[in-house]
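Construct the complete structure from the given sequences, taking the supplied hints into account.
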Amino acid sequence: VGASIRNFGMLWPVGQPKGELFDLAMRSRAIWLDLAAEVGFFCEASGSMHVAQREDELRVLEEFVASEGASRRAQLMTPEAVLAQTPGVNPRGLIGGMYSPLELNVEARTAIGMIWDWLQDQEGLQLIRGFEAARVEPNRVESTDGDVLECEQVYLTAGSDGIAHYPDVFTRDAFTRCKLQMMRTIAQPDGWRMGTHVAGGWTLRHYGAFADCPSLESLKARIQDEQPEFDQHGIHIMLSQHSGGDLVIGDSHVYGDAITPFDDEQIDRLILEHAKKLVHAPSWAIEKRWHGVYLKRTDSRSLLVHRPEPGVTIINAMGGAGMTLSFGVAEQVVKQPELAEAHFGSLVRQSV
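Numbered according to this note's numbering, the sequence shown spans residues 1282 to 1633.
Since the hints were derived computationally from the structure, they do not count as laboratory data.
Since we're looking at a predicted model, the values are computed, not measured.
Treat the hints with care, as some may be off.
Stated by the list, open to error - Quick list of the computed label-pair ranges, beta carbon to beta carbon: (1) R1373 x P1618: 47 to 57 Å; (2) G1405 x R1550: 44 to 54 Å; (3) A1347 x I1467: 32 to 42 Å; (4) S1499 x I1467: 33 to 43 Å; (5) P1495 x E1404: 47 to 57 Å; (6) G1405 x Q1547: 45 to 55 Å.
In this text, a Cβ means the ideal position worked out from N, Cα and C, and glycines have one as well.
Right, here's the structure in full:
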């Protein structure tokens, strides 16, 4: 299951820039909802709340709503409206927020296994566990055990582990790994519910949807001045709550050669300290800690769809938007492969 269970379980259309990526996110959203209804896993249209605790954060949200609010159904909220919509938000220091109804909450830990079981029952499909690809060729994949699968089309979707195949594509100047640290609390007592997904002002500098907001650069400069460790570790604060009541909290972003197999307790402390400023949960007792690793492009592209040779298509490097984009991208790759490659197939080399 890999990276599919190592993030928040958030589908996050609000973070995708307008145009092709936002459209793919919304198509993914529709497929997730249809699949959840068919399979029965937890998938809630929870929406999201971006919390503003500083004036520059509120300005960015105001600019975003003025430009994009109508097309995305996003709306500015007073502090009172924020607390009514998302009662788990910490009222201390709250000056406003932005609500979006589009985000989904998927309990990936159970959903991925349930989808696998459902697929096994579908006619015309064969699912194979434990098949590690050692060699990929047109219309043929050979495992490390010497087993061979022959097919009309190979779709190589191996994430950060897939870079061993086609090394001329996955060069160090074009792609980098990203490691993120995550935590999960115990189930919150007495049925306490946070409400929507929650994101802080730090998150505005992380997602491309906000890149054109005029006040974003001053917000970035203020964070760099006041909290340089947030830029050093790529930290921004987001929280989701699953059906069992636990809070999933994150995250950080460490890239390339800076990645080690060891998690950094300072990063977890910073995330937890500032998560408490956003949300007033009854319990912050941590039950699980983990990290994930994903592949990311170093150019301005958000993912890779590339046919290195006939009969092989690589789909990779969605960064932190895998759950948000995956179903929409998969559908386009199968139904409109030329369009998908035209949008995401070029390889722009640059130094890092």
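(request) Given the hint of 47 to 57 Å, check if R1373 and P1618 actually sit that far apart at their C-beta atoms. (result) holds (52 Å)
(request) Please test the hint of 44 to 54 Å on the beta carbon pair from G1405 and R1550. (result) holds (50 Å)
(message) Does the beta carbon distance between P1495 and E1404 stay inside 47 to 57 Å, or does it fall outside?
(response) holds (54 Å)
(request) Can you let me know if the beta-carbon spacing of S1499 and I1467 is within 33 to 43 Å? (result) holds (39 Å)
(request) Just tell me: holds or violated, for the beta carbon distance of A1347 and I1467 against 32 to 42 Å? (result) holds (41 Å)
(request) Given the range 45 to 55 Å, decide if the beta-carbon distance of G1405 to Q1547 lies inside it. (result) For Q1547 against G1405, whose Cβ atoms are near 51 Å apart, the range 45 to 55 Å holds.
Of the numbered hints stated above, none is contradicted by the structure.
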